[in-house]
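Chemist: Here the sequence shown is numbered in our numbering, starting from 4 and rising by one per residue.
What the hints contain is simulated information worked out from the structure, not anything from laboratory work.
A portion of the hints provided could be inaccurate.
Claimed, not checked - Label pairs and their calculated CB-CB ranges:
#: 1; residue 1: L82; residue 2: Q149; range: 22 to 28 Å
#: 2; residue 1: A67; residue 2: E93; range: 36 to 42 Å
#: 3; residue 1: A106; residue 2: N137; range: 34 to 40 Å
#: 4; residue 1: L82; residue 2: A116; range: 14 to 20 Å
#: 5; residue 1: S92; residue 2: N137; range: 56 to 62 Å
#: 6; residue 1: G56; residue 2: I105; range: 20 to 26 Å
#: 7; residue 1: A67; residue 2: P113; range: 18 to 24 Å
#: 8; residue 1: R54; residue 2: L108; range: 18 to 24 Å
#: 9; residue 1: T152; residue 2: A106; range: 43 to 49 Å
Glycine included, every Cβ here is placed at the ideal spot set by N, Cα and C.
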Amino acid sequence: PFFEVAVDPNGPGLELGAAGSRSTFAAGPQEQPSAFAPVAQYSPVHPVFYRNGPGYAAAQSAIARGAMVRSVAIMSFVLSVLGGMFISSEADSVEWLFIGTIAGLISAAPTFALGELLVAQGRALTATLDTAMNTSPLVTEGEIRQMLTPF
């Protein structure tokens, strides 16, 4: 369900809610609009969701980017070894296989480590946000369960 954030023409403030249930948050002086019109739509109800939702998205993005970087590292290692195998078969020399393997390790190991760091950063951010949600006095158990449930 989507919830509206709208400007009330009868007074200053932002209203959040859906289906007749509204709660007001002060937003300072505002212009008086001609009609009560929606400004934007958001999925969650509680302001804590507005604050933590983008954090969860950033954490998932970091985890996905880290996994992609690790995949690139593995593919570069495999391609280096295959290139070494191809050149060694053409040259009838095992040294090129060894050189391809060493070159693959030199290029893939730091890239793989970078991917691991990105994944670790995303998981640490997720754990931090989970802790913030679980210890927040502003949300109920149902809202915590809703926010922490994977999509």
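Chemist: Please go over all the hints and tell whether each is borne out by the structure.
Modeler: Evaluation of the provided hints:
1. L82 / Q149: 22 to 28 Å: Given about 45 Å between the Cβ atoms, the range is violated.
2. A67 / E93: 36 to 42 Å: Given a distance of about 39 Å, which is inside 36 to 42 Å, the answer is holds.
3. A106 / N137: 34 to 40 Å: 47 Å, violated
4. L82 / A116: 14 to 20 Å: 19 Å, holds
5. S92 / N137: 56 to 62 Å: 58 Å, holds
6. G56 / I105: 20 to 26 Å: 46 Å, violated
7. A67 / P113: 18 to 24 Å: Distance hint for A67, P113 holds at roughly 20 Å.
8. R54 / L108: 18 to 24 Å: 43 Å, violated
9. T152 / A106: 43 to 49 Å: 45 Å, holds
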